[in-house]
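Here's the letter readout for the chains.
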Amino acid sequence: MVIVLNESIDFRALNKRIRGTDEHKITLNGCIGQRYIGTGVSDKQIEINGTPGNALGAYLNGGEIVVHGNAQDATGDTMNNGEIVIHGNAGDATGYAMRGGKIYIRGNTGYRAGIHMKAYMDFKPVIVIGGRAGSFLGEYQAGGIIVVLGQNDDGLPIINNFCGTGMHGGKIYLRCNALPHKIPEQVCAKKIRGCDDKELSEIVKDYCKCFFGMNYNELLDADFFVLTPNSENPYKRMYTDN
Amino acid sequence: MDMYIPAEYEVVRNAENCTVCRSCERQCANGVHTFDKDLGKMTADGTKCVNCHRCVCLCPTHAIKIVKSDDTYRLNANWSMQTMNEVYRQANSGGVLLSSMGNPNDYPKYFDKILINASQVTNPSIDPLREPMETTVYLGKKDAEIKRDGNGNLIDTLAPQLKLNMPIMFSAMSYGSISYNAHASLARAAEELGVFYNTGEGGLHKDFYKYGKNTIVQVASGRFGVHADYLEAAAAIEIKMGQGAKPGIGGHLPGIKISDDVSKTRMIPKGVDAISPAPHHDIYSIEDLRQLIYTLKEATDYRKPIIVKIAAVHNVAAIASGIARSGADIIAIDGFRGGTGAAPTRIRDNVGIPIELALARVDERLRQEGIRDSVSVVAAGSIRSSADVVKAIALGADACYIGTATLLALGCHLCRSCHTGKCNWGIATQLPDLVKRLDPDNGYQRLVNLVTAWNHEIKEMMGGMGLNSIEALRGNRLMLRGVGLNETELKVLGLLHAGEDM
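The listed protein sequences correspond, in order, to chains A and B.
Okay, so the first sequence: first residue is 1 according to this note's numbering, each after it adds one.
Okay, so the second sequence: first residue is 1 according to this note's numbering, each after it adds one.
These aren't lab readings, by the way, just hints derived from the structure by calculation.
We put the beta carbon where it would ideally sit given N, CA and C, even for glycine.
Some hints could be false.
Example chain A residues on the side facing chain B (calculated, C-beta under 10 Å, incomplete) [said to hold, decoys possible]: (1) Ala58; (2) Ala93; (3) Ile115; (4) Lys118; (5) Phe136; (6) Gly169; (7) Met238; (8) Tyr239.
The shape of chain A in the complex, shown without the other chains:
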């Protein structure tokens, strides 16, 4: 099904059509900021030409969303399963509290990406950012994997302030030669060679399948920093019974 959008079609009408159709593949042309596209959807393949609005694929439970353009804020909020591929940049709070599935971004992402990401049983969420990420990346991260590949050419650092504050699970991989910022106490950083890490290699390989012209060998033949929570639980001795 192909839906041609313009400014006069609001999100509610659009999403009603998406939910109402039995067709598996849906193409949206001329998308112009319609919010909540694919919210709670579990088995559709949605291709978006244009710019979807905030909260794309919230509570996504399976299926695939591909954006040929930029995504706005809160993409994949509390996502459970499925795949979101963005051939541009993604805004703030990408993958907030996501529990499963994958978000692949060709370009950069804004503030607060992957905050409170968590893993559970077979669910292991992954966010891969081709360029750089804003401040607060992976704050309160409790599980899952965030990879930042740092292919941005604007000279800005791969991450910004407060990366991984309050982290208590999961991993963040940063593709860079030196840690660009002082990382918080709750986080440990270890330098590795990308190609030596099997888990990372598989993720980057899968990511490169989505983006024409990206070479995974080239991407992996580089230094990475792996951030993991400091095993000394920062909250353990915080309280006293009263």
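Chain A is fixed; fit chain B onto it per the hints.
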């Protein structure tokens, strides 16, 4: 135990009555009672006693009583024993003080300074045993435009509503903070009463999906257990922005309390800390809140009301006005005496405002702005009796949440030790031996009894006022008068003083 702090309670045992059956020893998870072989009798260590009364209630010969120790420090009106002990605890541990249940301090209880009206001679009172009395409440937006089709038939544009047989719901309490059996009791009671219980932010156990039509599920900052089936299972979805016992801060369920079962329900690995950050990190404005509300509406096809729960704080009226305009169907306001499974003592005891004042201001503000009908208002934070329910409704609430009262119905004696996880009544614990002490068959019946009784009392009070519909009581402040309140308090509450007539 801190050597500086003496026992707060003494266990007094009547030696004549004690048969050394050792029931007290078996009942106490704190290890207060032990059998002394050499002496052939029971002994007690009062320093470990939290005064939960489990041993007292279960002693077959009624041989035990717990008394407040009369041991005292040098008397000081400024430095109370409690305050001094708190300093000792922190000097010993370096920790943030952690407490449970609602603020126990001696702040004004406005419900106790408000009196209800009754009819005399004119506008005669109504006998609820003889005449129909309506306590059914519908929660949700009521501001639908009246539209008709070409044939003049009404087009239903009413937003989704929650139907309550009586204006009482069970407050959010998560599985994790309370036990499986406590949740089972609440869920079954809500179903039988035709009201709702609330999962809190701990997810929904698979066994309780069958109570979905009487379940409110919560979406909090940590998003624990939130997924499509969870949202679909519920009758309504509550976004937790705040809690009366700990306004402005988040929650932290330590890894040791994440049992196998709790892990499944919260959808996080076993033994990993469950941290709910203080704010939702995607909500920094009313517009952002609107976005979360609409993702939830989209995810459930606009079939379920969305509740936004906030703590009662200084500017609550303006905040509620924003929430009413954000697309929320229901606002729940939790006053500063609201309960908790664990909160930093200083926050619980010093932050927030009383529900009575918050409620009165919110109702007034929404009316002034002409948007009272675009939301329902639920009051929470120490609703202790049917009289409190009646007063809350007359101050502007559509319904009330009750939490502490439900736990009391299940056996809780307000020892305020929930955070230790060793609740002897099987309520605020995940230890299997303790959990099984609470029988859901009995627990649910006690909850049904309590709320049914309150509903009778509400009808009696309504009848006395000459009202036969709870709708006619809502926001009807002329049915209330203040006693012993100053002018500012009366102004905030919108009440006349007792003795003043119109």
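Each hint, compared with the structure:
Hint on A/Ala58 holds. Least Cβ distance to chain B is approximately 4 Å, under the 10 Å limit. Nearest Cβ of chain B to the Cβ of A/Ala93: about 4 Å, under the 10 Å cut. The hint holds. Proximity of A/Ile115 to chain B holds as hinted, the smallest CB-CB distance being about 5 Å (cut-off 10 Å). About 6 Å separates the beta-carbon of A/Lys118 from the nearest beta-carbon of chain B, less than 10 Å, and the hint is met.
A cut of 10 Å between beta carbons decides the hint on A/Phe136: the least distance to chain B is about 7 Å, and the hint holds. Given the 10 Å rule on beta carbons, the hint for A/Gly169 holds: about 6 Å separates it from the nearest Cβ of chain B. A least Cβ separation of about 6 Å between A/Met238 and chain B falls short of the 10 Å threshold, and the interface hint therefore holds. This hint holds: A/Tyr239 has a C-beta 4 Å from the nearest C-beta of chain B, less than the 10 Å allowed.
Checked against the numbered hints above, the structure breaks none of them.
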